[in-house]
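Chemist: Could you slot chains B and C onto chain A? The hints should help.
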Amino acid sequence: MRPLATTLLSFWLIAGGPAAAGTAAVKGANPMSTSEDIRAVAPALEAYAQKFVIGDLWKRPGLSPRDRSIVTVAALIARNQTVELPDYLARALDNGVKPAEISEIITHLAFYTGWANAVDAIPAARDVFKSRNIGADQLPPASGPQLPLDEAAEKQRATRVGEQFGQITPSLVQYTTDVLFRDLWLRPALAPRDRSVVTVSALIATGQVAQITYHLNRAMDNGLTREEAGEVLGHLAFYAGWPNAFSAAPVIKDVVEKRPR
Amino acid sequence: MRPLATTLLSFWLIAGGPAAAGTAAVKGANPMSTSEDIRAVAPALEAYAQKFVIGDLWKRPGLSPRDRSIVTVAALIARNQTVELPDYLARALDNGVKPAEISEIITHLAFYTGWANAVDAIPAARDVFKSRNIGADQLPPASGPQLPLDEAAEKQRATRVGEQFGQITPSLVQYTTDVLFRDLWLRPALAPRDRSVVTVSALIATGQVAQITYHLNRAMDNGLTREEAGEVLGHLAFYAGWPNAFSAAPVIKDVVEKRPR
Amino acid sequence: MRPLATTLLSFWLIAGGPAAAGTAAVKGANPMSTSEDIRAVAPALEAYAQKFVIGDLWKRPGLSPRDRSIVTVAALIARNQTVELPDYLARALDNGVKPAEISEIITHLAFYTGWANAVDAIPAARDVFKSRNIGADQLPPASGPQLPLDEAAEKQRATRVGEQFGQITPSLVQYTTDVLFRDLWLRPALAPRDRSVVTVSALIATGQVAQITYHLNRAMDNGLTREEAGEVLGHLAFYAGWPNAFSAAPVIKDVVEKRPR
Numbered sequence: 001m002r003p004l005a006t007t008l009l010s011f012w013l014i015a016g017g018p019a020a021a022g023t024a025a026v027k028g029a030n031p032m033s034t035s036e037d038i039r040a041v042a043p044a045l046e047a048y049a050q051k052f053v054i055g056d057l058w059k060r061p062g063l064s065p066r067d068r069s070i071v072t073v074a075a076l077i078a079r080n081q082t083v084e085l086p087d088y089l090a091r092a093l094d095n096g097v098k099p100a101e102i103s104e105i106i107t108h109l110a111f112y113t114g115w116a117n118a119v120d121a122i123p124a125a126r127d128v129f130k131s132r133n134i135g136a137d138q139l140p141p142a143s144g145p146q147l148p149l150d151e152a153a154e155k156q157r158a159t160r161v162g163e164q165f166g167q168i169t170p171s172l173v174q175y176t177t178d179v180l181f182r183d184l185w186l187r188p189a190l191a192p193r194d195r196s197v198v199t200v201s202a203l204i205a206t207g208q209v210a211q212i213t214y215h216l217n218r219a220m221d222n223g224l225t226r227e228e229a230g231e232v233l234g235h236l237a238f239y240a241g242w243p244n245a246f247s248a249a250p251v252i253k254d255v256v257e258k259r260p261r
Numbered sequence: 001m002r003p004l005a006t007t008l009l010s011f012w013l014i015a016g017g018p019a020a021a022g023t024a025a026v027k028g029a030n031p032m033s034t035s036e037d038i039r040a041v042a043p044a045l046e047a048y049a050q051k052f053v054i055g056d057l058w059k060r061p062g063l064s065p066r067d068r069s070i071v072t073v074a075a076l077i078a079r080n081q082t083v084e085l086p087d088y089l090a091r092a093l094d095n096g097v098k099p100a101e102i103s104e105i106i107t108h109l110a111f112y113t114g115w116a117n118a119v120d121a122i123p124a125a126r127d128v129f130k131s132r133n134i135g136a137d138q139l140p141p142a143s144g145p146q147l148p149l150d151e152a153a154e155k156q157r158a159t160r161v162g163e164q165f166g167q168i169t170p171s172l173v174q175y176t177t178d179v180l181f182r183d184l185w186l187r188p189a190l191a192p193r194d195r196s197v198v199t200v201s202a203l204i205a206t207g208q209v210a211q212i213t214y215h216l217n218r219a220m221d222n223g224l225t226r227e228e229a230g231e232v233l234g235h236l237a238f239y240a241g242w243p244n245a246f247s248a249a250p251v252i253k254d255v256v257e258k259r260p261r
Numbered sequence: 001m002r003p004l005a006t007t008l009l010s011f012w013l014i015a016g017g018p019a020a021a022g023t024a025a026v027k028g029a030n031p032m033s034t035s036e037d038i039r040a041v042a043p044a045l046e047a048y049a050q051k052f053v054i055g056d057l058w059k060r061p062g063l064s065p066r067d068r069s070i071v072t073v074a075a076l077i078a079r080n081q082t083v084e085l086p087d088y089l090a091r092a093l094d095n096g097v098k099p100a101e102i103s104e105i106i107t108h109l110a111f112y113t114g115w116a117n118a119v120d121a122i123p124a125a126r127d128v129f130k131s132r133n134i135g136a137d138q139l140p141p142a143s144g145p146q147l148p149l150d151e152a153a154e155k156q157r158a159t160r161v162g163e164q165f166g167q168i169t170p171s172l173v174q175y176t177t178d179v180l181f182r183d184l185w186l187r188p189a190l191a192p193r194d195r196s197v198v199t200v201s202a203l204i205a206t207g208q209v210a211q212i213t214y215h216l217n218r219a220m221d222n223g224l225t226r227e228e229a230g231e232v233l234g235h236l237a238f239y240a241g242w243p244n245a246f247s248a249a250p251v252i253k254d255v256v257e258k259r260p261r
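Protein chains in written order, with UniProt numbering: chain A, 1 to 261; chain B, 1 to 261; chain C, 1 to 261.
Since the hints were made in silico from the structure, they are not lab data. Please note that a few of the clues may not be correct.
Mimicking DSBU-like on lysine-lysine, the simulated pairs with C-alpha atoms at most 35 angstroms apart in a straight line are [what the hints assert, rightly or not]:
#1 B:LYS98 x B:LYS155
#2 C:LYS258 x B:LYS258
#3 B:LYS59 x A:LYS155
#4 C:LYS98 x A:LYS51
#5 B:LYS51 x A:LYS155
As the structure is a prediction and not an experimental result, all values here were calculated from the model.
Isolated chain A (complex conformation) (with noise of 0.2 angstroms):
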């Protein structure tokens, strides 16, 4: 049974025609390579996929597989690596994640990573979306009713930043409160840990080193374990490169040690 599971599975993750994924083919976007690419120019490189990333990395029992694949779709739009991007989204929409989900992520993400990558990942999403007849009807409301609001926690906030930097960028911090705080953190479609998830991951795969205490810390007031914050590291060394993990783990083991218990 394994060899065919791993075929299917590499497939899947470094190869992924189409197909594979039922994802349809991106107009005018790079096609991303076939494990026949990959074998005529880096042999070792599918071994190693087959053996540590689809093999080990992905079933690690520490973090679900609908979280690795928020994860990744995360890291991979925030450093804006469109041509996987179909397929990982196919996977993520079997892992479990909803389409509305989706459509929040890509939101969200034109905050954290810059509107360009959100913007950039539409047409991979659209065409995911539209192989599997994903209608608007699935897709979270441009606005409606909002989560509610810790008004003392985010006052405190909100008076801190503007107090730092209220004089010098007036409109950084008033767009921080208006259209972050008081909006896109309050949309239902994605629960505050998923967003929280997606913002740190983003954080860790592109070296915005400086971020990750705030952001770690409402990652886990927000419900994310040691555990799982330490996997998303392990997860992410892979698809955003060992020095983004190494650069973030001492920040990370920071933040969980002087967190009560």
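Modeler: Only chains B and C this time, still in chain A's reference frame:
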């Protein structure tokens, strides 16, 4: 009137078909998403763009639309995000950035963000120029008369950098003097103040926090105001992501506060 | 002779049509700009390339053309800049980098810059290999005999990292030992010194300043000289931008000065 203007602007900013932007399609390139594509994936993304980016950010009085175009184009090139570039280059021309200035921005960013970033920006600029019949006569010459150099300040800079790094990396030190400060920065087709805006925008947009202090001081020496610096940062939050903006904020605050008013 | 050589080199370096580089066009990919395209947008960019990059940088004696090719290819893959990659891979072969070494560089960078960066480099390498009839017999096997391991040094490294991060992220610590230092680094198809050059180049090119100290020391243990280290930095200023070079410079200085001469 408002609905129409909003629709047009939306079409420009997040969707922008070639016709709307007056640009020819870049052959072989990934096409930019249309409003319809975005609505098929993330209705909220389009709503946020309408309400906050088009409807508010670009209209803020603290930074001119021309400057906002320079900041945005610099950020896109620095981050190698070429899909949206044709549209933003067309709008830059509409907002008063001259073809010669666009040419110079691309050349400048070869040095400040990497050679391939500049070369990757060529197809978009070529097509926008072509569609508007902008010929070689409107471009700055490869070489020619230079702006006057402040010899004392340059000598001081060169001495300081030479003492620091001359032993370790003579080639870097030599090229910095010969190519950058005694050549590139003296090209007259882009005003020093605008060249500084391009540089600072690229640094913020790529998380180059350690290099901001020198270049923001230079920018303010060249005429960038405190208020404009704060607006550049708020603008880049949208185009390079909140983490880059917040990582730059303390450095910008420090620079601004240490300068005599 | 000079004008002809310069023209050819220019064609290679900033323009490089497929024919000139001996590469097949990458299907579906954005085509690289030609000299004509560049002149139609930024005549100065081409002039700078001629005078300083082709006419000077690549001819500097402190670092061999083969090394400069390795540094440049590593930087492009690390920054996911695939448009110029076919040309620089073809030149790498011309400069004496073996197909097996290119294969190994790509595999190595999957771990040091992110899996998608390696996969995105496959189409360019596949086409260059194909156009030169480079088959599987010239590629390193997926696995095979390894270089000898310095058990004492590796044990020391593993103990140090395990003490630091073993509690926080056991998966990262385990993979670092099993996959990187007891497998990837022991593959014989790329000499440890060259593997280190690839790693250090990728770190500098992506602004991973915090990881340079360990890997530059390792590179110099593996045979990289002080002079070569300085030339790598000057070379990367052009290919990864001045800010990355200047952010790395103090760390490189610190490493070099602390080593016994």
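Chemist: Next step is simple, just say for each hint if it's right about the structure.
Modeler: Hints, one by one, checked against the model:
Of the supplied pair hints, the one linking LYS98 of chain B and LYS155 of chain B holds, its CA atoms being roughly 32 angstroms apart against a limit of 35 angstroms. At most 35 angstroms may separate the alpha-carbon atoms for a hinted pair to count; LYS258 of chain C and LYS258 of chain B meet this at roughly 34 angstroms. With a CA separation close to 27 angstroms, the supplied pair LYS59 of chain B and LYS155 of chain A stays within the 35 angstroms bound. Proposed proximity of LYS98 of chain C and LYS51 of chain A is supported: the alpha carbons are some 26 angstroms apart, at most 35 angstroms.
Between LYS51 of chain B and LYS155 of chain A the alpha-carbon distance is near 23 angstroms, which keeps this suggested pair within the 35 angstroms criterion.
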